[in-house]
Amino acid sequence: MKLSNLKWLILPLLILFSSLSGNAQENIKYQTPPAEIMELADYERTPSVMLDSRNEFMIFTYRSTYKSLDELNQPEFRLAGLRINPVVNISSTTTYVNNIKIRKASETSEVQVTGLPDNPKITSLQFSPDEKNLIFTHTSDKGVELWVVDVAGRSARKLSDRYLNANMGNPVTWSRDGLYVLVRLLPEERRALIDESKSLPEGPIVSVSEGKVSQNRTYQDLLKNKNDEANFETLATSELWIINLDGSKSKFLD
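For the sequence shown, the working numbering begins at 1099 and goes up steadily by one.
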């Protein structure tokens, strides 16, 4: 084959290879659907409403239609049937409220609650026994915070700088007189979680079958080894504290 003919044969192959290489290196980003589909999918949810027993105040709570990519990308531990975000210590399946408004029955429109945290991620919203206050938790980037709303004043403030442990469910309970709340806080001296990808096993994993007929397990994410047991104990352990509405606190039964 002549050199000139070989050149014309190789040149298209080089162009094709370059094109394929460029396509392979292209960073594909999430795409936005056409406007017609966005109008159907990207809608604002109707707020939920809480009413006090005297039918005096209505609490309007709002939440996003969908979870954000950041929420979906959070780390998750699956232990003893629970789904836990180990960074902020709350269930990874939690659905958050992102705004609160209050309206008196005699008013024609809702009033925005002032003082809410930036980028609110609110849950565990509860009236006090006298229904003058609302307690709630806010999940920040570092942990679960305790907040309170003055219903008549329609203002919110943070009650404590300590982070709550919401891994086992709602971490806040009102006292009967409504003067304080009993909370589960993260221990001040907390053992670090075990990273199984970096820990060396102490021995092999051995499964034994004795040939007996048994029913299949239907429970998900059971504790499978000592590391799971240690991590579950760390995530589930809390300290019980009393936090007053002025922000002062004391250890329960201390």
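I should point out that these hints are in silico values taken from the structure, not numbers from a laboratory. There could be a bad hint or two in this list.
Dumping the calculated DSSO-like pairs for lysine-lysine here, alpha-carbon to alpha-carbon at most 27 Å [what the hints assert, rightly or not]: (1) 1347 / 1240; (2) 1240 / 1202; (3) 1230 / 1324; (4) 1349 / 1240.
Pair ranges (Cβ atoms, derived) [stated by the list, open to error]: (5) 1140 / 1274: 42 to 50 Å; (6) 1127 / 1179: 29 to 37 Å; (7) 1215 / 1148: 14 to 22 Å.
Please read these numbers as outputs of a predicted model, since none were measured by experiment. Ideal Cβ placement from N, Cα and C applies to all residues, glycine included.
So which hints don't hold here, by number, going up?
Checked against the structure, the hints that fail are numbers 2 and 3, while the rest are satisfied.
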